[in-house]
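Q: So the chains spell out like this:
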Amino acid sequence: MSQSGRKETVLDLAKFVDKGVQVKLTGGRQVTGTLKGYDQLLNLVLDEAVEFLRDPDDPLKNTDQTRRLGLIVCRGTAVMLVSPTDGTDEIANPFIQPDGA
Amino acid sequence: MSGGPGLESLVDQQISVITNDGRNIVGVLKGFDQATNIILDESHERVYSTKEGVQQLVLGLYIIRGDNISIVGEVDEDLDSNLDLSELRAHPLKPIIH
Amino acid sequence: MLPLSLLKTAQGHPMLVELKNGETYNGHLVNCDTWMNIHLREVICTSKDGDRFWRMQECYIRGNTIKYLRVPDEVIDKVQEETNKSRTDRKPPGVGRGRGRGRDDPSGRPAKGMGRSQDDGGAKGFGGGRGRSGPNNRSGGSRGGGRGRG
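Chains as they are written, first to last, in this note's numbering: chain A, 1 to 101; chain B, 1001 to 1098; chain C, 2001 to 2150.
Derived by calculation from the structure, the hints in this document are not laboratory data.
As the structure is a computational prediction, the values presented were derived from the model and not from experiment.
Among these hints, one or two may not hold up.
Stated by the list, open to error - Below, in silico cross-link-like pairs of lysine-lysine (PhoX-like), each with a Cα-Cα straight-line distance of 20 Å or less:
hint, chain 1, residue 1, chain 2, residue 2
1, C, LYS2048, C, LYS2008
2, C, LYS2008, C, LYS2078
3, B, LYS1094, B, LYS1051
4, B, LYS1094, C, LYS2020
5, A, LYS36, A, LYS19
6, A, LYS61, C, LYS2020
7, B, LYS1094, C, LYS2008
8, A, LYS36, A, LYS61
9, C, LYS2048, A, LYS61
Unchecked claim - In silico negatives: residues of chain C with every beta carbon more than 12 Å from chain A:
hint, residue
10, GLY2012
11, ASN2031
12, PRO2072
13, ASP2073
14, GLN2080
We put the beta carbon where it would ideally sit given N, CA and C, even for glycine.
Start from the sequences, fold in the hints, and give me the full structure.
A: Rendered as structure tokens:
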């Protein structure tokens, strides 16, 4: 509806087409894949999509286990975050933490 | 109009906000909108504990999204400055359940 | 002052965004829209528990997943400047203004407009009041690591 209509100009997804993207969805699922298409509602078509499985004991946590999903459509309303996989890496704590608070 | 006029009188005053995840943030209300998104300036979080006094974390300038706000309250600054937070013990609030 | 105006003014500045799921993102704001959707560059993502970190070149975050944004203190002064500037800019051309009965605002802003009560622009009295150097990545990150709530 009015949610996320029209100008989704904040991010130009065109530059990600045929590139790897990481998508986080409401509810906690996380997938990566090659962006094949999208629309203004942020529905996404991902090819060769891979889902990161979650810790069965703590569904809020992702593990490094994956499952292959193939060609999928991500519903725009469920998309929380999109980022290119290129240039995305896990790193050591970049914040100096004097106390372990 | 939804909830708008109520906050107007609190602009530039100290307010206390309880967020959906149970945090208590105190700061000066600098602005708000129809969705109850608010701007808090010079804000700090008060962390409650039963074991030690209230900890205050400096947060600075914050925009809090309206759908994450449970309660907005006016702070009586005289009353508030007379509180000895280091002697206060309280259970932390639990997050709200949807 | 509207939260989204402040956010707009914060473009180009570093900021910390916490999502409803507890993850935090430190990055420079590239762009935002009226839904609070935001585009960040040079981002560091911190997991909910503050134990894992990712660097990403950029990311797009949907507004409705945001819990709060922490922006540098100085940004609020910039908003003030901009609203003041646009106000003074507007006055000279408004010559026809004194003639009316003061009811019709030539700028066409709604009478109930919330941004208007800033006529006291100069009375904003805390010059030295802010004793902080503004949010930086370090405090944000250690915070992300520190909470372990729920």
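Q: Now tell me if each hint is right for this structure.
A: Hints, one by one, checked against the model:
no.	hint	in the structure
1	LYS2048/C <-> LYS2008/C	violated (27 Å)
2	LYS2008/C <-> LYS2078/C	holds (11 Å)
3	LYS1094/B <-> LYS1051/B	holds (17 Å)
4	LYS1094/B <-> LYS2020/C	holds (15 Å)
5	LYS36/A <-> LYS19/A	holds (8 Å)
6	LYS61/A <-> LYS2020/C	holds (14 Å)
7	LYS1094/B <-> LYS2008/C	violated (33 Å)
8	LYS36/A <-> LYS61/A	violated (28 Å)
9	LYS2048/C <-> LYS61/A	holds (8 Å)
10	GLY2012	holds (14 Å)
11	ASN2031	violated (5 Å)
12	PRO2072	holds (17 Å)
13	ASP2073	holds (19 Å)
14	GLN2080	holds (25 Å)
Checked against the numbered hints above, the structure violates hints 1, 7, 8 and 11; every other hint is satisfied.
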